[in-house]
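One-letter residues, chain by chain:
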Amino acid sequence: MMQFMLLFSRQGKLRLQKWYVAHPDKLKKKITRELITTILARKPKMCSFLEWKDLKVVYKRYASLYFCCAIEQDDNELLTLEVIHRYVELLDKYFGSVCELDIIFNFEKAYFILDELLLGGEIQETSKKNVLKAIAAQDLLQEEETPQGFFEDHGLG
Amino acid sequence: MPAVRGDGMRGLAVFISDIRNCKSKEAEIKRINKELANIRSKFKGDKTLDGYQKKKYVCKLLFIFLLGHDIDFGHMEAVNLLSSNKYSEKQIGYLFISVLVNTNSELIKLIIQSIKNDLASRNPIHVNLALQCIANIGSREMAEAFGNEIPKLLVSGDTMDVVKQSAALCLLRLFRTCPEIIPGGEWTSRIIHLLNDQHMGVVTAATSLIDALVKKNPEEYKGCVSLAVSRLSRIVTASYTDLQDYTYYFVPAPWLSVKLLRLLQNYTPPAEDPGVRGRLNECLETILNKAQEPPKSKKVQHSNAKNAVLFEAISLIIHNDSEANLLVRACNQLGQFLSNRETNLRYLALESMCHLATSEFSHEAVKKHQEVVILSMKMEKDVSVRQQAVDLLYAMCDKTNAEEIVQEMLNYLETADYSIREEMVLKVAILAEKYATDYTWYVDVILNLIRIAGDYVSEEVWYRVIQIVINRDEVQGYAAKTVFEALQAPACHENMVKVGGYILGEFGNLIAGDQRSSPQVQFQLLHSKYHLCSPMTRALLLSTYIKFINLFPEIRTQVQEVFRQHSNLRSADAELQQRASEYLQLSIIASADVLATVLEEMPSFPERESSILAVLKKKKPGRVPENEIKEGKSPTPITNHTNDTNNTSSVSGDLLGLSTPPTSQPPSSNTGVLLDVLGDVYNSKPLTNNTNNTQQQNLYNPKKFVCKNNGVLFENELIQIGVKSEFRQNLGRLGLFYGNKTTFPLQSFVPTLLWSDDQAAKMSIQMKPVEPLLEAGAQIQQLINAECIDDYTDTPSMVISFIYNNLPQKITIKLPLTINKFFEPTEMNGESFFARWKNLGSSNQQRSQKIFKANGVMDLQATRTKLMGFGMQLLDGIDPNPDNFVCAGIVHMRSQQVGCLLRLEPNRNAQMYRLTVRSSKESVSVEVCDLLAEQF
Chain A
1 MMQFMLLFSR
11 QGKLRLQKWY
21 VAHPDKLKKK
31 ITRELITTIL
41 ARKPKMCSFL
51 EWKDLKVVYK
61 RYASLYFCCA
71 IEQDDNELLT
81 LEVIHRYVEL
91 LDKYFGSVCE
101 LDIIFNFEKA
111 YFILDELLLG
121 GEIQETSKKN
131 VLKAIAAQDL
141 LQEEETPQGF
151 FEDHGLG
Chain B
1 MPAVRGDGMR
11 GLAVFISDIR
21 NCKSKEAEIK
31 RINKELANIR
41 SKFKGDKTLD
51 GYQKKKYVCK
61 LLFIFLLGHD
71 IDFGHMEAVN
81 LLSSNKYSEK
91 QIGYLFISVL
101 VNTNSELIKL
111 IIQSIKNDLA
121 SRNPIHVNLA
131 LQCIANIGSR
141 EMAEAFGNEI
151 PKLLVSGDTM
161 DVVKQSAALC
171 LLRLFRTCPE
181 IIPGGEWTSR
191 IIHLLNDQHM
201 GVVTAATSLI
211 DALVKKNPEE
221 YKGCVSLAVS
231 RLSRIVTASY
241 TDLQDYTYYF
251 VPAPWLSVKL
261 LRLLQNYTPP
271 AEDPGVRGRL
281 NECLETILNK
291 AQEPPKSKKV
301 QHSNAKNAVL
311 FEAISLIIHN
321 DSEANLLVRA
331 CNQLGQFLSN
341 RETNLRYLAL
351 ESMCHLATSE
361 FSHEAVKKHQ
371 EVVILSMKME
381 KDVSVRQQAV
391 DLLYAMCDKT
401 NAEEIVQEML
411 NYLETADYSI
421 REEMVLKVAI
431 LAEKYATDYT
441 WYVDVILNLI
451 RIAGDYVSEE
461 VWYRVIQIVI
471 NRDEVQGYAA
481 KTVFEALQAP
491 ACHENMVKVG
501 GYILGEFGNL
511 IAGDQRSSPQ
521 VQFQLLHSKY
531 HLCSPMTRAL
541 LLSTYIKFIN
551 LFPEIRTQVQ
561 EVFRQHSNLR
571 SADAELQQRA
581 SEYLQLSIIA
591 SADVLATVLE
601 EMPSFPERES
611 SILAVLKKKK
621 PGRVPENEIK
631 EGKSPTPITN
641 HTNDTNNTSS
651 VSGDLLGLST
661 PPTSQPPSSN
671 TGVLLDVLGD
681 VYNSKPLTNN
691 TNNTQQQNLY
701 NPKKFVCKNN
711 GVLFENELIQ
721 IGVKSEFRQN
731 LGRLGLFYGN
741 KTTFPLQSFV
751 PTLLWSDDQA
761 AKMSIQMKPV
771 EPLLEAGAQI
781 QQLINAECID
791 DYTDTPSMVI
801 SFIYNNLPQK
811 ITIKLPLTIN
821 KFFEPTEMNG
831 ESFFARWKNL
841 GSSNQQRSQK
851 IFKANGVMDL
861 QATRTKLMGF
871 GMQLLDGIDP
881 NPDNFVCAGI
891 VHMRSQQVGC
901 LLRLEPNRNA
911 QMYRLTVRSS
921 KESVSVEVCD
931 LLAEQF
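Protein chains in written order, with the UniProt record's numbering: chain A, 1 to 157; chain B, 1 to 936.
Excised from the complex, chain A in its bound form (with noise of 0.2 Å):
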């Protein structure tokens, strides 16, 4: 099962977390800040995992992103390798060639994503096609709202 999912720049910034285990805040932050500077010291020709606590953390860098994921040892780190991978896709197929900023701006669509892809830390549907039908159902429901805030959030935040 996965435990965690973090998504971070080069810089160090976290642009994404999805916990499947319940932590307390103060935790996450910590397990978070120390993964982040683990895996930035690392070279581009390291190995793509490594043993963490009693976890195994898999991870890969696409462009500036960091995507990274905490797994018990029972789970296979090849396949996680492709999870992240479809979800690569999944939000590159969705934004049209997704960068950072897209994720930055609509981090709750990624989150809308992610949670098609896998539930509680296992994987839910590997399908592209059926995902992306899901995450377009979702979005036909919004347009069937009628648009409204277009004046109130003219000029003020």
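For the record, the hints were derived by calculation from the structure and aren't laboratory data.
Just so you know, these numbers come straight off a predicted model, no measurement behind them.
Every residue, glycine too, gets a C-beta built ideally from N, C-alpha and C.
Any given hint could turn out to be false.
A few chain B residues that don't get close to chain A, going by computed Cβ distances all over 12 Å [unchecked claim]:
| hint | residue |
| --- | --- |
| 1 | MET200 |
| 2 | THR241 |
| 3 | GLU312 |
| 4 | SER384 |
| 5 | ASP757 |
| 6 | ASN884 |
| 7 | ALA910 |
Calculated pairs, DSSO-like style, for lysine-lysine (alpha carbon to alpha carbon, straight line, at most 30 Å) [stated by the list, open to error]:
| hint | chain 1 | residue 1 | chain 2 | residue 2 |
| --- | --- | --- | --- | --- |
| 8 | B | LYS853 | B | LYS708 |
| 9 | A | LYS18 | B | LYS216 |
| 10 | B | LYS378 | A | LYS28 |
| 11 | B | LYS617 | A | LYS128 |
| 12 | A | LYS18 | B | LYS708 |
| 13 | B | LYS215 | B | LYS152 |
| 14 | A | LYS133 | B | LYS708 |
With the hints as your guide, set chain B onto chain A.
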């Protein structure tokens, strides 16, 4: 600012841009505080906000939280959003709750109704939103509120596939929190049959669920084996076009394949059905064959997915450990990966080979790759890969290659990364001990370790070499000679001085015949290091010196001179001063005979498993390092799931069952300290964590400890508390071992004693404080000293409080300090027994009797064991009825000693016992009788 999708919230985007434009951390905080104030005033204001505004502000709060700031309001607004009839508002509400709520359980009660409504919705998108939220929170409240609903959703024929997928994983999440929510009976088969579902996504999700259920109850779910094999068989024989969207880079359903292979690792190979077994082996062969086919794509995704399945198949082959052919093929395949271009593959191949090395079928095949593995250890650029190579060398080591592997590891140690040195030292020490046929080699290896990596040689390692030298006559002379030579190096490590000092003190006489290592020379050589050493080593050297006085009377005056120098203020350390003066006096006052007795050669240590192994295991809580070849499993019927990798039971059994301290000389003035140095080895063994402990309830039975001194006193899923105790006369020493079983630290860890002053007047207790932090996987020890002053009844309790996962925890345990612990067994013959028995029986006040029904089967052997553990002397051949037991003992208290006799008469026909206790004090008779009566 990039375009915002859907009905993006412009205000949010503006805010995010502002934050990004902040030039400094201070500016960012200022901007955030301004925004927080704005949102707070909006939420508090008179104007009611519409859904859109609420959504926008809640989303901003979420963003601020994700930047790492604390958010303490907005929860109510988020809860309101849940019941919005606009999907986008609802969705943001759910997101906020999922991300922020796990700390606020009050809120959970409020959201349950909204979730219920959405769960009942006809729109599957709403249902899934609710399911995702339940799974994200996954708390006990959620399990209680939805435990009935979700299993129905999962197996109902009306449920849509997408909902089934979410329901399966949601149920899994709740099951992990609350295992009792899974209904049994007919549900079992319905859940298992999800493996046959048409929809691959449903099968994938369901397989995760079933895997967890099987771990809990393998017998009930064993029907899943044949279904899983069939499903797997269909996938591996499918062409990549068959599975359409579930094919990933030309690999058919890699996720489902891996999950099925994982699921099958919960069982031993299916034996009662040779058909299933045959089909499974075919699948595994097919997977191995495919690995040899040329890749269908150059993309790394293709190779990763394909190899993910391959590695999982190899794990299953290793787990089954029954098909020699498959094991050897797996080994060859991994051998090819060892020289693959991809670092990831080399890493995994080394790791997987470690497991193959422990199978009798493939051990030899693994050994063929020794050269490549040694090269990996030396040449890999990435330390984590080098580490794997070290692990593999350790695993593949046996008596045929031990010398070579140990030598290579020693060579590498000179340049090895600091991060892996300590562990390597432990491994070399274990291998050298385990495969030594010639103990001179062992001594050489350990001394080399100290020379090369002295700083990383832990106490356990040098204690162990001393134990072994003491136990083996044939190596003592060689050891003395070798340490003597090693000590001649101009700079030698302090650990070398310790080992050298100890060994020369015991066996220096064996090399004293040679003029080059005469007593004089030995003494001067050791003493030349004295000033460079820490007080602890100096104390050890002083003990060596007093031993020299016994071994070499000719240098007595010289040694006494040194004692004299250190027996006064020149020695700043009180311990050293005291030692020096006491040793000096001992050497002056005691006759040669007394000296010879007190300073006799150390007796052999009991043979037992090396404590170094325990240290190594402790260092790696995640994986148990193995250098043990398991016998292959013959196909046996499916048994209960036992964790085969967890063959550490011998260690924990050893630890808990035994506490024999090293057989030591009768404690004599100060040489005791010398013994204690090694005695600590036995006290510092960690309790092994049983990480796969599925049982959730607390394990606590204080009654058991009336008749035993050591064992696991308490255990739940967070903590294990072990106890070891020793009693002599009216004194007792208890070691409590607190082991943190979790992966997170236990904070504010405070044990508090409940023992009033009145009670303390009868038994005084002193305990050493412990550190308030118990790190993940770590164990700490707390020492408690007790003195029995007068007779007492209740026993002290200990309240252990700590914080785990922000939740305060409190555990109360009774310390095993019942009055019988202060018994001294008394041997006596029948005549004197009956005389005393009669004598004590004269007054009713001295007797206590109980007649009670046996608590379970009357096993007289077990009764015997318990009586012996109780602390009195079991006297055989005194009672004319051989089934009856009689015992005698004296309870030691500071104020008095109370003689005590006991008779236990089992009546098998009636399933009853009669227990009579007579002693010179009524309260003691009653207490002893009460304590013992509960045992049978």
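Structure-based check of each hint:
1. MET200: The assertion about MET200(B) is violated, with a minimum of 7 Å to chain A.
2. THR241: The assertion about THR241(B) holds, with a minimum of 15 Å to chain A.
3. GLU312: GLU312(B) is in fact no farther than 12 Å from some Cβ atom of chain A, at 6 Å.
4. SER384: 5 Å, violated
5. ASP757: 38 Å, holds
6. ASN884: 53 Å, holds
7. ALA910: Correct as stated: the minimum Cβ-Cβ distance to chain A is 53 Å, above 12 Å.
8. LYS853(B) with LYS708(B): 23 Å, holds
9. LYS18(A) with LYS216(B): Distance of about 27 Å is within 30 Å: holds.
10. LYS378(B) with LYS28(A): Violated, because 36 Å separates the two Cα atoms, which is more than 30 Å.
11. LYS617(B) with LYS128(A): 42 Å, violated
12. LYS18(A) with LYS708(B): Roughly 48 Å between the alpha carbons, so the hint for LYS18(A) and LYS708(B) is violated.
13. LYS215(B) with LYS152(B): Roughly 22 Å separates the two Cα atoms, so the pair holds.
14. LYS133(A) with LYS708(B): 64 Å, violated
Comparing the model with each numbered hint stated earlier shows that hints 1, 3, 4, 10, 11, 12 and 14 do not hold.
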